[in-house]
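Assemble chain B onto chain A, guided by the hints.
Residue numbers (our numbering), protein chains in the order written: chain A, 176 to 284; chain B, 107 to 220.
Derived by calculation from the structure, the hints in this document are not laboratory data. Note that the coordinates shown come from a computational prediction; the quantities given were computed from them, not determined experimentally. The beta carbon of each residue, even a glycine, is placed where N, CA and C say it ideally should be. Any given hint could be a false lead.
[Said to hold, decoys possible] Pulled a few chain B residues facing chain A out of the computed Cβ check, cut under 10 Å:
1) Val-110
2) Gln-112
3) Pro-114
4) Gly-148
5) Ser-171
6) Gly-190
7) Ala-202
8) Phe-211
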Amino acid sequence: DAKTTQPPSMDCAEGRAANLPCNHSTISGNEYVYWYRQIHSQGPQYIIHGLKNNETNEMASLIITEDRKSSTLILPHATLRDTAVYYCIVRVGDDKIIFGKGTRLHILP
Amino acid sequence: KAGVTQTPRYLIKTRGQQVTLSCSPISGHRSVSWYQQTPGQGLQFLFEYFSETQRNKGNFPGRFSGRQFSNSRSEMNVSTLELGDSALYLCASSLAPDIGYGYTFGSGTRLTVV
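Same shape as in the complex, but just chain A (with noise of 0.2 Å):
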């Protein structure tokens, strides 16, 4: 089963920052966070990953609390091509990766 919870659906307006929250609160110390997102009819798609420090590439930037209990995924600046489910993944080493339901994120115009 998936080790995290997310919000079944959020909007954000387009150009403004989406803010996607994930709880893992029953999250081991040797456990990463991974991101992934799935656009309509294509398979998912990494985005970011962490441990303990906030991250930042290209496309995003991920959020750690301090406790590690929940983070946040954020997209700087929203596109209409953003519209997709957002995975929040809990995994540790060489384990098998486990999608939830993820967040369906609506880009509105």
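Then chain B, alone, in the frame of chain A:
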């Protein structure tokens, strides 16, 4: 470089038949995972192969099987098809199982069982 290639893209089969789906990973990737996606259950893990060995298996009946070849290409087989097997089947490849950020997914094979 070429991405993950899944063939065929679409497939229609009859109940009771069997089906084989193929996945060609990115060149150099040795880990292949398979997922089933349905509207009701979402993305569910089927199995994972690395260096021709099955490392992990999800909670699916024995009708679902897979294998990986020495060139890292993978196939999955479903025997005695049921209507509930209608789904999008996705495979993902990675350099190795512990590189979670490197999982690249294919576009999937959409299987319809009638």
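Would you pick out the hints that fail for this structure and give their numbers low to high? 3, 5, 6
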